[in-house]
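K.L.:
Start from the sequences and build out the full structure, keeping to the hints where you can.
As given, the protein sequences belong to chains A and B, one line each in that order. Heads up: take any position in the first sequence, counting from 1, add 5, and you land on this note's numbering. Heads up: take any position in the second sequence, counting from 1, add 300, and you land on this note's numbering.
These aren't lab readings, by the way, just hints derived from the structure by calculation. Note that the structure is predicted; figures quoted are calculated from it, not measured. Just so it is clear, CB atoms sit at the ideal spot from N, CA and C, and this is done for glycine as well. Worth double-checking, as some hints may not be accurate.
Stated by the list, open to error - Heads up, simulated DSSO-like pairs for lysine-lysine below, C-alpha to C-alpha not over 27 Å straight-line:
(1) 479/B with 64/A
(2) 300/A with 341/A
(3) 300/A with 64/A
(4) 17/A with 27/A
(5) 230/A with 17/A
(6) 182/A with 26/A
(7) 189/A with 25/A
(8) 27/A with 120/A
(9) 459/B with 64/A
(10) 515/B with 230/A
(11) 153/A with 27/A
(12) 479/B with 35/A
(13) 163/A with 27/A
(14) 230/A with 534/B
(15) 201/A with 213/A
(16) 398/B with 534/B
(17) 544/B with 230/A
(18) 378/B with 304/B
(19) 479/B with 230/A
(20) 442/B with 64/A
(21) 340/A with 230/A
(22) 189/A with 27/A
(23) 340/A with 201/A
(24) 201/A with 398/B
(25) 175/A with 26/A
To be verified - The following label-pair restraints were derived from C-beta to C-beta distances:
(26) 229/A with 538/B: 21 to 27 Å
(27) 127/A with 326/B: 39 to 45 Å
(28) 349/B with 81/A: 45 to 51 Å
(29) 344/B with 77/A: 31 to 37 Å
(30) 538/B with 246/A: 28 to 34 Å
(31) 196/A with 327/B: 57 to 63 Å
(32) 531/B with 110/A: 26 to 32 Å
(33) 431/B with 17/A: 58 to 64 Å
Spelled out, the chains give:
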Amino acid sequence: MNGYYLSQENVKDFISHLMKKKTVYAPHAKADHSFVFEEVVDADNVILDYVRTLNSIKKYFMPSREVMLRYNLDDNSYSIEDVEPVKGIFLGVHSYDMQAVLRLDHSFSHGNPEKNYLTRRLDNIFIGTSFTPDNFHFSSSVNIQPHKTEGFDLFMHKTDRGYVLEEVTKTGSDLMKGFDQLTKFHGEYPNSEHFKSHLYAPQEKLSKVFEESYDNPVWHEIAQKCVGCGTCNLACPTCYCFDVEDHVDLSLQSGSRERRLDSCMLRGFTEVAGGEVFRDRLADRIRHRVYRKFKYISDSAGEPWCVGCGRCTIYCTAGISIVDIVNRLVSDYDKKQIVQDSDMIAAWD
Amino acid sequence: MKSKPRVAVFDFTGCEGCELNKLNFENHLLDILDHIDIVEWREAMDDQVAEYDIAFVEGSISTPDCVERIFDIRNRTKVLIALGACAVNGGMNAMKNKQSLDTVREIVYGEDKDLFPTLPALPLSSYVTVDYEVHGCPMTQKEFLQLLTSILAGKKPVKPDYAVCVECKLDENECVYGKGMICMGPITRAGCDALCPSFGQYCIGCRGLVPHPNKEAMINILIENGLSIDDAEKRMDLYNSNEKDVVLI
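P.N.:
Right under this line is the structure:
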């Protein structure tokens, strides 16, 4: 393979080089021990060796809150807010977050294409970096290795003393033009990292497992521990549900219609006109969330809608793990198969 | 010109902080007065009137005298709005409900206790119909204005029925549990834009619980993070002694 070698001491210059081309968004430190994607103002503040960011880059294409339109009650008119393409370079994105964006692309372009998301998504460049999995990453179980380059234009494979740059698209190659602190790299790109957390079954099997898991007692058991705060959905890079609210300005003549991210774990999410709540039980909401990740969308799209980032688990104050839930379902499914098989053997005898 | 709604403000058992908060709306007070006439407000003026369109009521109902007054206010107003934690769910005052009324009277008034009759601290809604509620200790300016503008414009006010955790996630705050703090955010009603966690502090739950809370799960979280069962229950009770609603598992 032919790539380029970027030594650690030249990383800042490379970021400055990128900043001359477009606005760059990259991971920065936040509060005590967290990371967030932010616009790069000073290349010194970028941290490419990070565990995971609090929110994924989804926030740039689907802001957590946004004004959809402004209305005027005097003449019953309204104006739709302008939405512009982000047109940025996203630097240091992990493969699971890139995969999440590709899944959102699918969700927002099928059925009713969602104009705001699709507009913001135009003209962006993605530069990936590999990551070292912590106790919560399990993306390899959903076919997302730390070195997966799909969706990226350029990929930075972390090595001991810097990065090996892999050109994935022509756009990616063009980014390196005019930057002369690279040396030619010959050899295999690094491609393996050790994961500590795993799902016990691939998607093909999970699809069957979930067919049998609707009445599994696990949903009720987890509901005893869950406070239903919605953190798991809101931290999820592939969740996209939203709610819409109207606000009135102090003039009482005008106002705005705003949307914000919502969560199917919240009771109000399924409350409809008349006050009916069609997933009133917390256990039903937990089941729905997990089915949305491994069954409902996956059956039609052919892929798990979970990217294994581990956010829903690490940020859960109640310590609920989606990996434990899925593995419990798999093991209950396997046990049931063994019982069925032995029943069949007994019938033959 | 259409006449403006006549607004009155009243207080019961509480610190009057929510009322005072309204006088602090310096940037918006004149705009508000474009739309309403304030006709009675003990903390701000001397006038008293017989009837009003909207009554904002702060504080909990905790004495026989309070009961009489709240019925009287309800009879005089078209719309009654509970203002702040005490009025909405009894607030901190309701901690007294966990002890005998005789004991609390003795603690506060000593040998004169018989001169001061008392009742369990209850929300306004325990006695009269409440049309709208503004949560919080104290209530926030933003929510108060949103409610007022919605009512005046004839729209149904938006009231968050989800937890403070939602706002922390929308604001991309680092969870304060990771700093070793104990936060009531997972079960506390949002609407404050996660003010305290946004500044690195934990939520004490001043806005009351979300509707249908899983209290047992929350107590387990508090215990898992180092509180004794007794302290966990006290933390839950601080603003929520009267909250009886539970989740459907």
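K.L.:
Taking the hints in turn, state whether each one holds.
P.N.:
Status of each hint after checking the structure:
1. 479/B with 64/A: Holds. Residue 479/B to residue 64/A sits at ~25 Å (cutoff 27 Å).
2. 300/A with 341/A: With Cα atoms ~19 Å apart, residue 300/A and residue 341/A stay inside 27 Å; holds.
3. 300/A with 64/A: Holds: residue 300/A and residue 64/A sit about 25 Å apart, inside 27 Å.
4. 17/A with 27/A: Cα-Cα ~16 Å, so holds.
5. 230/A with 17/A: 45 Å, violated
6. 182/A with 26/A: With Cα atoms ~11 Å apart, residue 182/A and residue 26/A stay inside 27 Å; holds.
7. 189/A with 25/A: Distance of about 23 Å is within 27 Å: holds.
8. 27/A with 120/A: Holds, because 23 Å separates the two Cα atoms, which is no more than 27 Å.
9. 459/B with 64/A: 24 Å, holds
10. 515/B with 230/A: 10 Å, holds
11. 153/A with 27/A: With a Cα-Cα distance of about 24 Å, the restraint between residue 153/A and residue 27/A holds, given a limit of 27 Å.
12. 479/B with 35/A: At roughly 13 Å apart (the allowed maximum being 27 Å), residue 35/A and residue 479/B satisfy the hint.
13. 163/A with 27/A: 24 Å, holds
14. 230/A with 534/B: 20 Å, holds
15. 201/A with 213/A: It holds: about 25 Å lies between the C-alpha atoms, which stays within 27 Å.
16. 398/B with 534/B: Distance of about 11 Å is within 27 Å: holds.
17. 544/B with 230/A: 19 Å, holds
18. 378/B with 304/B: 14 Å, holds
19. 479/B with 230/A: 22 Å, holds
20. 442/B with 64/A: 24 Å, holds
21. 340/A with 230/A: 25 Å, holds
22. 189/A with 27/A: Holds, because 25 Å separates the two Cα atoms, which is no more than 27 Å.
23. 340/A with 201/A: Between residue 340/A and residue 201/A the Cα gap is close to 24 Å, so the pair holds against 27 Å.
24. 201/A with 398/B: Violated, at about 48 Å.
25. 175/A with 26/A: Between residue 175/A and residue 26/A the Cα gap is close to 15 Å, so the pair holds against 27 Å.
26. 229/A with 538/B: 21 to 27 Å: For residue 229/A and residue 538/B the Cβ distance comes to about 24 Å; the hint holds.
27. 127/A with 326/B: 39 to 45 Å: The hinted range 39 to 45 Å holds for residue 127/A and residue 326/B, with Cβ atoms some 44 Å apart.
28. 349/B with 81/A: 45 to 51 Å: Since residue 349/B and residue 81/A have Cβ atoms about 36 Å apart, the given range 45 to 51 Å is violated.
29. 344/B with 77/A: 31 to 37 Å: 33 Å, holds
30. 538/B with 246/A: 28 to 34 Å: 33 Å, holds
31. 196/A with 327/B: 57 to 63 Å: Check passed, 58 Å falls within 57 to 63 Å.
32. 531/B with 110/A: 26 to 32 Å: Given about 48 Å between the Cβ atoms, the range is violated.
33. 431/B with 17/A: 58 to 64 Å: Given range 58 to 64 Å: holds, Cβ gap about 60 Å.
Taken one by one, the earlier hints fail for this structure at numbers 5, 24, 28, 32, listed in ascending order.
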